[in-house]
Amino acid sequence: MNFSEVFKLSSLLCKFSPDGKYLSPQEPTQSCLGRIRDAPAPQDFRGFHQEPVSGPVGRHQCVLSVLSSQASCVQYRLVVRDANTLQILQLYTCLDQIQHLEWSADSLFILCALYKRGLVQVWSLEQPEWHCKIDEGSAGLVASSWSPDGRHILNTTEFHLRITVWSLCTKSVSYIKYPKACQQGITFTRDGRYLALAERRDCRDYVSIFVCSDWQLLRHFDTDTQDLAGIEWAPNGCVLAVWDSCLEYKVLLYSLDGRLLSAFCAYEWSLGIKSVAWSPSSQFLAIGSYDGKVRILNHVTWKMITEFEHPATVNNPKIVVYKEAEKSPPLGHLAFPPPRAATGPLTSSESKYEIASMPVSLQTLKPATDRANPRIGVGALAFSPDNYFLATRNDSVPNAVWIWDIRKLRLLAVLEQLCTVRAFQWGPQQPRLAICTGGSKVYLWSPAGCVSVQVPGEGDFQVLSLCWHPSGDSLALLSKDHFCLCFLEMEKGVRMAFGQRGDCT
Amino acid sequence: MGDWMTVTDPESKTLPQYTSETKMSPSSLYSQQVLCSSIPLSKNVHSYFSAFCTEENIEQSISYLDQELTTFGFPSLYEESKGKETKRELNIVAVLNCMNELLVLQRKNLLAQENVETQNLKLGSDMDHLQNCYAKLKVQKLQNIIASRATQYNHDMKRKEREYNKLKERLHQLVMNKKDKKIAMEVLNYVGRADGKRGSWRTGKTEARNEDEMYKILLNDYEYRQKQILMENAELKKVLQQMKKEMISLLSPQKQKPRERADDSTGTVISDVEEDAGELSRESIWDLSCETVREQLTNSIRKQWRILKSHVEKLDNQVSKVHLEGFNDEDVISRQDHEQETEKLELEIQQCKEMIKTQQQLLQQQLATACDDDTTSLLRDCYLLEEKERLKEEWSLFKEQKKNFEKERRSFTEAAIRLGLERKAFEEERASWLKQQFLNMTTFDHQNSENVKLFSAFSGSSDRDTPTLHSRSRQKKPHGVPSGSPVCTSKLTKSLPASPSTSDFCQTRSCASEHSSSINVLNITPEETKPNQVGRECTNQKWSMSSRPGSQEGCYSGCSLAYTSSHVEKDDLP
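Chains as they are written, first to last, in this note's numbering: chain W, 1 to 505; chain Y, 506 to 1079.
This is chain W alone, in the form it adopts within the complex (with noise of 0.2 Å):
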């Protein structure tokens, strides 16, 4: 495991460019950026990218990163790395401080958002001259994102007045009205042909379907929630998910064409749904709550196959428990070699993962119930790309990250960490699971074993966020205003692969 040097870096704007899939084209594609815009480029997009391409278009990262050693603070910048190289690419100036930067999904545009100034600015990698700016005027903006062909942008104005949709082929603007604020309103299918929007008006949740060719309305009709809190395409597209806020646990699965397949209710009276997620098979729809139970959905008849319960003792010898624990050296049976850090200064106290003895208690929190948005119920859950796994977190045991065999619905490992977990994310190639909790460690999980890794550097490198590349062979790591890559081991024949491309670029 190699690390890059250290970059700057802003509000943790990260982010590899989806077409790291060029790499190896045979590869199915998951990519691994946002949560909304991780649709893969669909098939009409490859024409375009065939024409001769100047330059080393491909496998990019974006970084925001500011640059201190400038004097005036207006100068904003936005890095173009190569993702293996970490050479500049390109350097484009902002007007103002980044808040939001996006890839569109064929990797030609990068869109930065200044919410502050309710503009956007777009650059395109091919033309670096070619700049697009849009003004929201007075009508402020609040999110904005790329539509899946990568041609049109969506701006939400601020009070969710409306949806301005850019076109950047023609001069046309559309207008969405009554787009609902809620935790997740948009979201397109993965083939990019569909728009799903949740809409409120006259106190009533509505969603709307559009063709994301011409923004056509396909689709319109109202759904029997409360307060709908989000909506969700499973990845084949066909059926979309709708929740409604904690205050009530309701699922409802709607198919393309509007039809109510099912609907789920575990529970009453009490805090409902806190996390959703489809497995990338759409054959399961796991959901988190806040009793502190994932229950998982099947396709067909859309009933309860099983409950995770998140026990605060384990007490199954089949179930391993990794714990962490602060020593020196770390272990040599692990699955991953040990860091590089083993041998060079250390900043901090080394980790290892001890495999507790049963049974086993873990930390849990008391969470005050007399506060808002309490820490209890599963806060964060992800299949992996295998559909085989499945991680969650509990937020009253907040230190632990869950691992579920899927193919045996049961619990088959628990990773204890010493510090809070902050984020996790699965390899978007292999079932590996990249988890940070803050502090200068990562930690990889994998079903041969874990293992926790030291990030090297001078000072303390706090990971509080990280993703992958989408080829899965390097991470990135990043902290407050830093950020760093961490290339895994590759097989041989990828890296074969690897270096032939780098010879070609």
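One or more hints might be untrue.
As the list claims (entries may be wrong) - Think about it this way: if two alpha-carbon atoms lie no more than 25 Å apart in a straight line, the pair counts; the simulated DMTMM-like pairs of lysine to aspartate or glutamate are:
1. W:K177 x Y:E712
2. Y:K742 x Y:E728
3. W:K177 x Y:E691
4. W:K408 x Y:E691
5. Y:K858 x Y:E844
6. Y:K641 x W:E248
7. Y:K663 x W:E5
8. Y:K663 x W:D227
9. W:K480 x W:D460
10. Y:K710 x W:D191
11. Y:K687 x W:D460
12. Y:K641 x W:D291
13. Y:K732 x W:D257
14. Y:K826 x Y:D842
15. Y:K646 x W:D370
16. W:K177 x Y:E668
17. Y:K663 x W:D224
18. Y:K665 x W:D202
19. W:K303 x Y:E737
20. Y:K643 x W:E248
21. Y:K673 x W:D222
22. Y:K663 x W:D460
23. Y:K663 x W:E158
24. W:K177 x W:D227
25. W:K177 x Y:E666
26. Y:K732 x W:D291
27. Y:K643 x W:E268
28. Y:K673 x W:D227
29. W:K303 x Y:E691
30. Y:K673 x W:E268
31. Y:K643 x W:D224
Stated by the list, open to error - Under 8 Å between C-beta atoms, here's a sample of chain W residues computed to sit facing chain Y:
32. D135
33. A139
34. Q216
35. C238
36. A263
37. K480
Hints are computed from structural coordinates only; laboratory data are not their basis.
A virtual CB, placed ideally from N, CA and C, is assigned to each residue, including glycine.
Put chain Y on the given structure of chain W with help from the hints.
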């Protein structure tokens, strides 16, 4: 109590000397044992019940009871006395009446107590029930409160939302309708669409096309899912068929017997029929619609399963029966029998051993006698004697050799141990001059081979030379040493039992030692080793040669060599 009695009871004054004592005595007997000593009854204090009334204090008891009873409102036990001086007489009728009344009272009390207890229980359960109800009510109430609050909240939210919407609308009008020149897009030039096509106008046609496309997608999804389900169904059907077949084949041998016995033929017959039907339609079975196939299949499987179940149950019953019948069965050997048998066998073994002993003794005696009358045997067995002499010589030679071997083995093991220790010490050094050593070893190898040649020339008859050469040629391979050693041993073990003559043995021995030398193993000083008669100088040379710091592999092969030599001895000894 005593005070109260003295005050209220008018009759107590008539018996002043008694009352002062008696008013306390019987009651205090139960409660205050300490006071009992002052009372005349104190002698029989040990048992309370008998202590109340004795021969001596009948009068007192009666008067006390009378007193007590009168205070409770019973008639006096005494007859009405005419005068105060005359002694009052006990009225038996009154006593009996009193007793009766007391008994009745007692019964009544018991009854009342029972009633009270049941009532108590009832009340307790009622209480529990009520508490439960209360809890439920409370929950309900809370739920109602929550629900009402929720509705209130929703109502308020709606109201606020309406206001909010109004404001939004207003804002919308203000912000959007005013020609906001700021709202604009500056773009250098418009880019082409991702698919390279031009945008199309929105018409009714596009709408229809969109619908079509959507349904196509949905249909595709459903088709895909249906295919999956069909596949799954086919798999399951296959499994069921397989199961059915296996069940039938499993049950068919058992089927004959019950049919002969004719106790349960219905199920089997049906299954037979079913089987035939299945055979007929096996090919077409997959094409049939779900329902018919399913019914057929599930029915037959169910039947088979029932049969299997009954069969297993029967088997279970049989097993339990066997268990019940216990170990008296013929084919089950009881533990006692077993032990007896073993004892018998042991006895037999003992006897056999004794027999052998006596036979041996007899043989020896015979031999001794044969030696005694030498003269007779001399005439007859002069050849024999000669041979015997030779044998004896050989025997002694063997013995000596054996001794030598033993010593050598010991030294070998010692050397191995020392080697191990030295190896540890040398391990650090070894890393540095391993290369050099390797070179040395190759040069030694050359020397070795020369030595070996010399040795083989020494070692014996020419016809024996071929195997050694053969083995040496193998050993010449530079690193094939550990693999070479087992080959050598196998040869030895093979050759030894066939011709256990001395020369051959020496040959094998030499082979082994040669082997050791070529391996360059052992760190043995020449004084320690006792060379055997044949090829003494050679072995000496060899040992001195091999007294170089041994490598690891050398040690291992040395060990194995020690083992082989011991093996040789074992085989060779009579």
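Failing hints, ascending? 4, 7, 11, 22, 26, 29, 30, 31, 36, 37
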